[in-house]
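Engineer: Sequence:
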Amino acid sequence: MRATSPVIVGRDEEIGLLSSALDAVQRRSGRALFFLGEAGIGKSRLVGECAYRAYGLGMPVLRGRATSTGLVVPFRPLVEALSSRFRAAGTPTDPELAPYHPALARLVPEWRQEASPG
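Numbering-wise, the sequence shown is residues 1 to 118 according to my numbering.
Hints may be right or wrong, so weigh each one.
[Stated by the list, open to error] SDA-like mimics (lysine to any residue), calculated; alpha carbons at most 25 Å apart, straight line:
| no. | residue 1 | residue 2 |
| --- | --- | --- |
| 1 | LYS43 | GLY30 |
| 2 | LYS43 | THR69 |
| 3 | LYS43 | GLY56 |
| 4 | LYS43 | SER19 |
| 5 | LYS43 | PHE75 |
Treat the hints as calculated values from the structure; they're not laboratory data.
Using the sequences and the hints, build the whole thing.
Structural biologist: Quick look at the structure:
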């Protein structure tokens, strides 16, 4: 997985923020990144660079996308990212995620079925 250009020009501040966020994640301190802005300003390029760096550090990289056309699906990017990662593997069993399982199961239907008693 490699971004389209080996060099990002004029984005030192943004790259610094990405690096800090990835460092925090490696220390098991969660982070959320939001890429906002007008069309054509390089959001996709920054997201690609972030994914490339995370992948290089051995972190799982999940992908989800939003669209401005068609049916509106609440939380679609999150559902898509989680589903693509865990569909084949089943519900994550990490004890740290246990408190969040009911909320996550509402987003990923396959997990709802696995969580049902019986």
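Engineer: Each hint: holds or not?
Structural biologist: Here is how each hint holds up against the structure:
1. LYS43 with GLY30: Measuring from Cα to Cα gives roughly 21 Å; hence the hint holds.
2. LYS43 with THR69: Given that 25 Å is the threshold and the Cα spacing comes to 19 Å, the pair holds.
3. LYS43 with GLY56: holds (20 Å)
4. LYS43 with SER19: The hint holds at about 16 Å.
5. LYS43 with PHE75: The hint holds at about 20 Å.
When the structure is compared with the earlier hints, no violation turns up for any of them.
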